[in-house]
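Trainee: Residue numbers (the numbering used here), protein chains in the order written: chain R, 138 to 486; chain D, 138 to 486.
Each hint should be verified, as a subset may be incorrect.
Since copy identity is lost for identical chains, a pair holds within one copy or between any two.
[Claimed, not checked] Here are the simulated lysine-lysine pairs, DSBU-like style, with alpha carbons at most 30 Å apart:
| id | residue 1 | residue 2 |
| --- | --- | --- |
| 1 | K415 | K394 |
| 2 | K234 | K305 |
| 3 | K141 | K453 |
| 4 | K477 | K394 |
| 5 | K140 | K234 |
| 6 | K234 | K415 |
| 7 | K197 | K234 |
| 8 | K394 | K197 |
| 9 | K322 | K436 |
It is worth saying that the hints were derived from the structure and are not from the lab.
There are 2 protein chains.
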Amino acid sequence: MSKKVPFAEVKETIRRALINAGLQEEQAEICAAIHAESSADGVESHGLNRVPRFIDYVQKGWVDPKGQPELIRAQGSVEVYDGHLGIGITNALFASKRAVALAQEHGIGMCALRNTTHWMRGGTYAWKMAEAGFVGISWINTESCMPLWGSDVRSVGNNPFCMAIPHKDGPVVLDMAMSQYAYGKLGVYRLAGKQLPFPGGYDREGNLTCDPGAIEDSMRILPMGYWKGSGMAIVLDLAAAILSDGKSGSDMDAEGKGSCTGCSQIFIAIDPAIAETKEEAENIVSRRIAAADGAHPIKEGSRVRVPGEGTLARRKRSMEEGVTVDETIWAQVQALAEGKMDITDIASR
Amino acid sequence: MSKKVPFAEVKETIRRALINAGLQEEQAEICAAIHAESSADGVESHGLNRVPRFIDYVQKGWVDPKGQPELIRAQGSVEVYDGHLGIGITNALFASKRAVALAQEHGIGMCALRNTTHWMRGGTYAWKMAEAGFVGISWINTESCMPLWGSDVRSVGNNPFCMAIPHKDGPVVLDMAMSQYAYGKLGVYRLAGKQLPFPGGYDREGNLTCDPGAIEDSMRILPMGYWKGSGMAIVLDLAAAILSDGKSGSDMDAEGKGSCTGCSQIFIAIDPAIAETKEEAENIVSRRIAAADGAHPIKEGSRVRVPGEGTLARRKRSMEEGVTVDETIWAQVQALAEGKMDITDIASR
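The following block holds chain R by itself, in its conformation from the complex (with noise of 0.2 Å):
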């Protein structure tokens, strides 16, 4: 059901893919690179996976290539954008540009966005802050996609949450969304007729249940740590939105428009510099991580990983082997990059 196929090919079919969709050239290239290191990277979800409803929600109007982000308030280590609901990749790399700009010149920067779109795999922003050498904190708000702590109807978005922390060997980097685990990676298990290693949610009887499609039927997921994670996504949400001038999560409810449609993104970055050379910051940072690398593993032969290290391995075998695809969505964008399929044919599945 899956092959592997090189890198420079994913991205270029889906770049393709992109321009029959009727975005620029420049917007395409970049969406592409985004989209095809995310499947490299193993988030296969928010990279080829994603590429066709991408396209639907252009051809919805939902994202709008023409949408540039605008400038609406600027004050001193801050600046607050209108995305326009542009495309949400090429906006939210603007945003996190902008930030990191901010803090070379002030030592933290803010860039808060409104009325955005979908910005793919959350973790990219703020790997690539830290890749610019900056701790890079963003996070994203949703419609309600899972219950609230004491709630049984959906009620609060799942609000993914990233840091990213800038270290020789790669970014140690958290990508991660307030619930235990994503309605996707529910399909995953339920179509490998696999039950989940813990509990995912509750089923219609309000049972705990380690079952992705008794989860799936009661659309009861459950906040990661239970009332914590359910507690930091209303924060995140309420942040995101003021921050911005932009709308909550309920806001969005409320327009009923598709995923992330209209959402608020907030991108933090801040220079290590301002402590202490950069030297130190990395020594602080390795011997971290040494103490990290060196935690007595569960499983006798295994290794206690940071964040972040398990998506560098999978970049480095994907760049080498090829990058995992699922066959029938390849067959889709590749129909799509050569112009003989439309996206109707393909949401109407």
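Assemble the complex: chain R is given as a structure, and chain D must be docked to it using the hints.
Mentor: Same frame as chain R, but now just chain D:
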């Protein structure tokens, strides 16, 4: 075993105990207020209950009441201080005020504090920043008290992360350690002969368990959200250390002193008025909270609450009816206040 004592009496008794421990008048006044407020808010573990241990640390020289924050570096919207092992509460209050002052000038401000001591209840500082009208974010690193995901020995701190949103009816405040339960909470359940409502760690055989005593025995407390809390704990640790040029959790482990001795803390304040008027920010928050309040509850007749709402209710009740105190600890602190008991008598028990 517990009784109610008027807030003013709790505060005054703690104040006198702190004076006897060698604190200056102003330090004792500030710390007594914070400890008493934490108990009034229902966080006894870091309120009254923590006073004897704080005094013990002062006697041991792990907290130096003469230590004052010293400015190490300033750049734009950022200031970095060395806390010189001063009193955790006064150091952290100072740093949160500096973050607010920087945010007033630049839109966002960060104060990083290294070489400081336990700040007691983590939420205090984000709460204060929100009461001043700012979005407040703060976190701390601690010595290792929790296994990293994949390890069976303590290898990362529980590194509390706090985030508060200003609101006219009282801030919305997340105050969240990276472990699912605190060790203190395990003890409370064990002493009450109760099982935890959700698994809180592994027993010695490596099975997830709700038995608090089995987890205290194995010391394998569970990160909130399994791999998620573990990953967040390590990025918070790294960021706190590099942004303050301070100690990481593993550096503290190597020193082997008491809880949070020499730790690193980060305080970020953001002005919501950068994006819009304060009124509009209030409207966004009110609308979002109303949606949360309206979420269908699991139990008919109950209500979904946002973080901080329960705390505000408890605070109100404590101010009206008195603060709930553990009688044994209350007697100890009274004896310390009256100079009738030495801390070594208590610490040796």
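Trainee: One pair to classify: K197 and K234, alpha carbons no more than 30 Å apart. Within, between, both, or neither?
Mentor: within (29 Å within a copy, 48 Å between copies)
Trainee: For K322 vs K436, is the C-alpha pair at or below 30 Å within one copy, between two copies, both, or neither?
Mentor: both (25 Å within a copy, 28 Å between copies)
Trainee: Using 30 Å as the alpha carbon limit, work out where K140 and K234 are close: within a copy, between copies, both or neither.
Mentor: neither (35 Å within a copy, 56 Å between copies)
Trainee: Between the shortest in-copy and the shortest cross-copy C-alpha distance, which are at most 30 Å for K234 and K415: within, between, both, or neither?
Mentor: Classified as both: same-chain Cα gap 20 Å, cross-chain 28 Å, threshold 30 Å.
Trainee: One pair to classify: K415 and K394, alpha carbons no more than 30 Å apart. Within, between, both, or neither?
Mentor: between (45 Å within a copy, 28 Å between copies)
Trainee: Up to 30 Å between alpha-carbons, please classify K234 paired with K305: within, between, both or neither.
Mentor: Within one copy only: 20 Å inside, 34 Å across.
Trainee: Is it within, between, both or neither when you check K477 against K394 at 30 Å Cα-Cα?
Mentor: within (28 Å within a copy, 68 Å between copies)
Trainee: My question is about K141 and K453: at a cut-off of 30 Å on alpha-carbon distance, are they close within one copy, between copies, both, or neither?
Mentor: within (14 Å within a copy, 62 Å between copies)
Trainee: When no copy is specified for K394 and K197, does a C-alpha distance of 30 Å or less occur within a copy, between copies, both, or neither?
Mentor: within (10 Å within a copy, 60 Å between copies)
Hint violations for this structure: number 5 only, all remaining hints satisfied.
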